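Engineer: Residue numbers (the UniProt record's numbering): 1 to 405.
Simulated from the structure, these hints should not be mistaken for laboratory data. Since no wrong hints were added, every one of them can be taken at face value.
Pairs of lysine to aspartate or glutamate, DMTMM-like flavour, derived with a Cα cap of 20 Å:
| no. | residue 1 | residue 2 |
| --- | --- | --- |
| 1 | K388 | E356 |
| 2 | K215 | E247 |
| 3 | K394 | E347 |
| 4 | K178 | D120 |
Given the structure is predicted, the values throughout are model-derived calculations rather than measurements.
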Amino acid sequence: MAASTLFVALLRRKCGRLGGSPAPALSRLLSAGGSPSRASCPEDSPVEPQTDDLKSRVFRLRLPKRSATNALQRWVDEGREVSLSELRNISKDLRRAQRYKHALEISEWMVTQRGFDLSDNDYAIRIDLISKVFGITSAEEFFNGLPSTAKTCATYTALLHSYASSKMTEQAEELFEKIKESTVSLSILAYNEMMTLYMSTGQLDKVTSVVEELKCQKVSPDLFTYNLWISSSAATMDIDGVRRILEEMGHDPNLNECWITYMKLADVYITATHLVNSCSSLVEAEKKITQREWITYDFLIILYTGLGNIERINDIWKSFKLTKQKMTRRSYVCILSSYLMLKQLNEAAKVIDEWEQSKALDFDISALRTLFDAFLKAGLPEIAESLKELLLQKNYNITDGSHEQ
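Using the sequences provided together with the hints, build the complete structure.
Structural biologist: In structure tokens, the structure reads:
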């Protein structure tokens, strides 16, 4: 898998955010959508025979060519009620399961029903789904056909997301400028979309420009913003820049526990992996994953550790291993630190075993001792002690550097 493709795929899997793979071609129409394998899709689990609610009926369809619209209509024809909130929840679960065609049919059915007061977010989700199922051109046509009152920050950002997901830089920049010239107030999501686009296309200098602009507009950054900004500095090995951004985070009025966890783990990672500044140029994005790109992915793990999202961390780590490229010491240190921070000791133990059994030549007790010291330096003695106890169970003694067979 190409480096930039992996990065974008992982970066766009954000909880509660629009995201996903590029939209299929228009010619494939609604029959093109597909559900993922059952192993990767807990929402598509077997439904017990006695279960007969609306969500169960829709999820039993499975094949994209089957109609969610018909299932909905049959439900209503049977005299059963359906609420807007229920439809939104079903649509959300379908999107999580990557069943975009059925989710779009739910959205279309909502529009045709009287008495449903659709929100800006409903239209935004519809734009995203149209883009995924029919293609960006169809999403543009739908957006252009909306009344002016429906062209809000949410719908503009949804179309911007579609461009950014497909790396359509020119179209995204034109739309971004159009939004700024309008009376619509931009949210941090739009800025994050542009930063993600520039990260995925290797235009790292533009990431900082976006940050400067959102500051001028007095738009408050969120944790995703800071992570993108830090990742752009890490990708160019500007470690002093990373530390300056972390310091700025510490003075942000929106500072919370998630940010603090992120900052501490970032500090541990930089210290334990001995990251230093480098003036070397960034390797082209489509070549093999380089050390600098691995560092960028590591910060993605740090991001989701701050958010406490173990599922996403597992997903990223699994994706790393599927690349079949040699893992670096930094990657092992990062994922091990993440699991320890979230008190996932069983997973941390597995990482140590994998690292020990890997072809990496830099597994030794000194690397783990450095990590132990980094936790102490970051003011995390309990995490350091957890690491020490875990290693003792595996006959490693951090104190004297010994290993009993």
